[in-house]
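J.: The residues making up each chain are set out below.
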Amino acid sequence: MDTTARADGLGAGLDTPSPSGSVYSTNVEGTGSGYSTNGGGGSSVEGQVADVARLLPSPVPVQLLTADGRRADEQSPYSMPSGERLVEVWRQMVIGRRLDMQCTALTKQGRLAVYPSSRGQDACQVGAAMAIRPTDWMFPTYRESVALFTRGIDHLEVLSLLRGSSHCGYDPVAHKTAPQCTPLATQLIHAAGAAYGERRRGRDAVALAFIGDGATSEGDFHEALNFAAVFKAPVIFFVQNNKYAISVPLAKQSKAPSLAYKGIGYGVRSEQIDGNDPAAVLAVLDTAVEHARTGQGPFLVEAHTYRIDAHTNADDASRYRQPDEVTGWLAKDPIDRIAAYLRAEGLLDQALQDEVEAESERLASDLRDGMNAEPVVDPAAMFDHTFAEPTPQLLQQRDMLMGELHAEGVTR
Amino acid sequence: MSTFTMGQALNHGLRDAMAADDNVVMFGEDVGTLGGVFRVTDGLAKDLGEDRCFDTPLAEAGIVGFAIGMCLTGFRPVVEMQFDAFAYPAFEQITSHVAKTRNRTSGRVGLPMVIRVPYAGGIGGVEHHCDSSEGYYAHTPGLKVVTPSTPADAYALLRAAIEDPDPVIFMEPKSLYWSKEELSLPVEAPPFGRASVRRKGTDVTIVTYGPSVPTALKAAEAASAEGWDVEVVDLRTIVPFDDETVVESVRRTGRCVVVAEAQGFAGVAGEVAARVTERCFHSLAAPVLRVSGLDIPYPAPKLEEHYLPSVDRILDAIARLQWDDQPDLVHVGASS
Ligand SMILES: Cc1ncc(C[n+]2csc(CCOP(=O)(O)OP(=O)(O)O)c2C)c(N)n1
Numbered sequence: 006m007d008t009t010a011r012a013d014g015l016g017a018g019l020d021t022p023s024p025s026g027s028v029y030s031t032n033v034e035g036t037g038s039g040y041s042t043n044g045g046g047g048s049s050v051e052g053q054v055a056d057v058a059r060l061l062p063s064p065v066p067v068q069l070l071t072a073d074g075r076r077a078d079e080q081s082p083y084s085m086p087s088g089e090r091l092v093e094v095w096r097q098m099v100i101g102r103r104l105d106m107q108c109t110a111l112t113k114q115g116r117l118a119v120y121p122s123s124r125g126q127d128a129c130q131v132g133a134a135m136a137i138r139p140t141d142w143m144f145p146t147y148r149e150s151v152a153l154f155t156r157g158i159d160h161l162e163v164l165s166l167l168r169g170s171s172h173c174g175y176d177p178v179a180h181k182t183a184p185q186c187t188p189l190a191t192q193l194i195h196a197a198g199a200a201y202g203e204r205r206r207g208r209d210a211v212a213l214a215f216i217g218d219g220a221t222s223e224g225d226f227h228e229a230l231n232f233a234a235v236f237k238a239p240v241i242f243f244v245q246n247n248k249y250a251i252s253v254p255l256a257k258q259s260k261a262p263s264l265a266y267k268g269i270g271y272g273v274r275s276e277q278i279d280g281n282d283p284a285a286v287l288a289v290l291d292t293a294v295e296h297a298r299t300g301q302g303p304f305l306v307e308a309h310t311y312r313i314d315a316h317t318n319a320d321d322a323s324r325y326r327q328p329d330e331v332t333g334w335l336a337k338d339p340i341d342r343i344a345a346y347l348r349a350e351g352l353l354d355q356a357l358q359d360e361v362e363a364e365s366e367r368l369a370s371d372l373r374d375g376m377n378a379e380p381v382v383d384p385a386a387m388f389d390h391t392f393a394e395p396t397p398q399l400l401q402q403r404d405m406l407m408g409e410l411h412a413e414g415v416t417r
Numbered sequence: 003m004s005t006f007t008m009g010q011a012l013n014h015g016l017r018d019a020m021a022a023d024d025n026v027v028m029f030g031e032d033v034g035t036l037g038g039v040f041r042v043t044d045g046l047a048k049d050l051g052e053d054r055c056f057d058t059p060l061a062e063a064g065i066v067g068f069a070i071g072m073c074l075t076g077f078r079p080v081v082e083m084q085f086d087a088f089a090y091p092a093f094e095q096i097t098s099h100v101a102k103t104r105n106r107t108s109g110r111v112g113l114p115m116v117i118r119v120p121y122a123g124g125i126g127g128v129e130h131h132c133d134s135s136e137g138y139y140a141h142t143p144g145l146k147v148v149t150p151s152t153p154a155d156a157y158a159l160l161r162a163a164i165e166d167p168d169p170v171i172f173m174e175p176k177s178l179y180w181s182k183e184e185l186s187l188p189v190e191a192p193p194f195g196r197a198s199v200r201r202k203g204t205d206v207t208i209v210t211y212g213p214s215v216p217t218a219l220k221a222a223e224a225a226s227a228e229g230w231d232v233e234v235v236d237l238r239t240i241v242p243f244d245d246e247t248v249v250e251s252v253r254r255t256g257r258c259v260v261v262a263e264a265q266g267f268a269g270v271a272g273e274v275a276a277r278v279t280e281r282c283f284h285s286l287a288a289p290v291l292r293v294s295g296l297d298i299p300y301p302a303p304k305l306e307e308h309y310l311p312s313v314d315r316i317l318d319a320i321a322r323l324q325w326d327d328q329p330d331l332v333h334v335g336a337s338s
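These protein sequence lines map, in sequence, to chains R and G.
Residues 6 to 417 (my numbering) are what the first sequence spells out, left to right.
Residues 3 to 338 (my numbering) are what the second sequence spells out, left to right.
Okay, chain R solo, but in the shape it has when bound (with noise of 0.2 Å):
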């Protein structure tokens, strides 16, 4: 397989069906999900049937980690990730988890208009950002805050969104992060089309699309998955499974035996993972990224995990689950899981436990301040950006609301 783009930077992703007739004939990986008991090729039937195979999840989800932190014994095509990565995952997770909680607190005292938070998908937020590189995209919806603040983009410019002073606070470009996507499943084709766009360029570089699992019931989630794979986008598609949309469980919204199964009748390599276990998310997004930069397509990943708190601070949970399910996950918690983990195997101490808890309390206290002082919001600027050059008429609309902030004494 050629993985580089060719001279031009052009026709990359335009890869037609080997004369096989099977477009996965020739992509074997080392690394593949291991369940698959032939590797595909030829053009019989039976090696058709062979390279669905290939693309099949785990039957089970991939675990490195069992929930009280010991390693999983199963034998896994999987490799643990290095120690020095396992601790920073659970590094970021403290903090993520810390500023994931100070932005519910912080939505009752108004200074957020909305906080969708994502504890208890710590191990997914933290561990897809640190999955990729800063040249690589990011696809993000509503709910990825803590995956934001782990890349690295400043967390008032994150917020902004959620605090209501703007639609996005931080520069897509310049982050290589999309403005996160409210409507559902949208963003996912996006996320196909700048991947494409990479290696049409003729770079390396990969897209992250975050869903949830209410959204792939939307039709954009199956174009998006369809252009991908026809257009062999580097793109990886990561369903968070957090069992509920608003209210609806899984039960009523699929009825496929595991969302990561979506993927095989596209054609996209798909693996399903225990989202609560930082271990296996690194790894198998390490994989998934890998097979996405080396050209051999999308990669679908299904984390099943759970949302501890509610859709958001709006939403009454209670009116849709029971308490005991929600203890019953605490009991999986992804920070507690890797804590324990790295004490036995000797990389987490007390001072380093007590260093990084120092660290995401002066962070979340340097949230606080920053929300507290008042954002900053100018009116005129919302005629500077409908289109690139305001519009005579727009100029007029801006005008007049000068005008009215001028008689009501605003200066400005």
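Just to be clear, a hint being listed does not mean it is correct.
The calculated BS3-like cross-link candidates involving lysine-lysine, where the alpha carbons are at most 30 Å apart (straight line), are [as the list claims (entries may be wrong)]:
no.	chain 1	residue 1	chain 2	residue 2
1	G	LYS102	G	LYS220
2	R	LYS260	G	LYS48
3	G	LYS48	R	LYS257
4	G	LYS102	R	LYS113
5	R	LYS113	R	LYS260
6	G	LYS202	G	LYS220
7	R	LYS113	G	LYS202
8	R	LYS181	G	LYS220
Source of the hints: derived by calculation from the structure; they are not laboratory data.
On a predicted model such as this, the values are computed, not experimentally measured, just so you know.
Following the hints, complete the assembly by docking chain G with the ligand onto the known chain R.
T.: Chain G with the ligand alone, transformed into the frame defined by chain R:
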């Protein structure tokens, strides 16, 4: 008599319609156990059965397309779009099929469905939660477009919409869900397609609808202090449009301001202004003015007060109806 919010009045409207006709079914995202994000369907699944009010997969095109299919077998589906901008994935189904099926089948197939759309702003919602999308629907022949401004109308118009043989886009102003009224249900209300005069007046007619009605009434109150006797006409249904009530009022007052929260350019307010001008030209003492939202995407919550048609903008427009005093008036965007 008891007090009902608009949300509760809609809930009762659905309940009564479903009790009266087994063919009426309600479905959408989170409408079952949760009772909808605005609780409009609260308790319906529990009280009437999960086959009467049910959650669907999260897919708006699917919801509307499914409703079309159910209509073919005699059901009268009422579906909920969670928020204005989240109905757009269903736009294809709505414009290509919901609106056109009667016409495409030479009248053999009607689609008696209601698509409920919580819409417009003023509630501090983040982007995609505050669109005024009525213009898209009103511009599409074959769709009736309804928007109540009071709990009584919410009840009565919803019942009428469900009974209507044609598809109805039922636009629910989110900012009014918690507005209250003393009612004894079921209520009597003017028929479908009839506007209501919410306030009598002799000097100026404000034509408005949905979320802007309370603002217009406040402006009328304030204007009376300045000697203007303002009449407020609430359209109630945008399609069908009640030319008669509007024309009668403007011919009498001789002045007209159209108030709508939607962005003004190429919108419903412009249509109203044109119709009034065509029909009342000789009675008008001044051009018909519009006060509308700005021609920008709905802004972030901290800026929405600058976007929404305000009492002051309406009063300003009323003041400018002294046309003889200001012959050089230039059209100024949101209140032109
Ligand atoms: C097209 C569209 N329809 C409806 C909504 C309203 N909505 C916002 S979040 C949500 C549930 C999403 O659930 P899921 O995809 O599982 O993601 P989660 O919020 O659990 O992360 C809904 C219905 C929306 N944002 N976009």
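J.: Please work out if G/LYS202 and G/LYS220 have their alpha carbons no farther apart than 30 Å.
T.: 13 Å, holds
J.: Going straight from one Cα to the other, do G/LYS48 and R/LYS257 come out at no more than 30 Å?
T.: 17 Å, holds
J.: Measure nothing beyond the straight line between the CA atoms of G/LYS102 and G/LYS220; if it is 30 Å or shorter, mark the hint as holding.
T.: Violated, at about 39 Å.
J.: Please verify whether R/LYS181 and G/LYS220 have alpha carbons no more than 30 Å apart.
T.: Measuring from Cα to Cα gives roughly 47 Å; hence the hint is violated.
J.: Hinted pair, alpha-carbon criterion (30 Å max): R/LYS113, R/LYS260. Please report holds or violated.
T.: 37 Å, violated
J.: Taking only the CA atoms, is the gap from R/LYS113 to G/LYS202 under or equal to 30 Å?
T.: The hint is violated at about 43 Å.
J.: Measure nothing beyond the straight line between the CA atoms of R/LYS260 and G/LYS48; if it is 30 Å or shorter, mark the hint as holding.
T.: 24 Å, holds
J.: Can you confirm whether the C-alpha distance between G/LYS102 and R/LYS113 stays at or below 30 Å?
T.: 47 Å, violated
In the structure shown, a violation is registered for the earlier hints numbered 1, 4, 5, 7 and 8, in ascending order.
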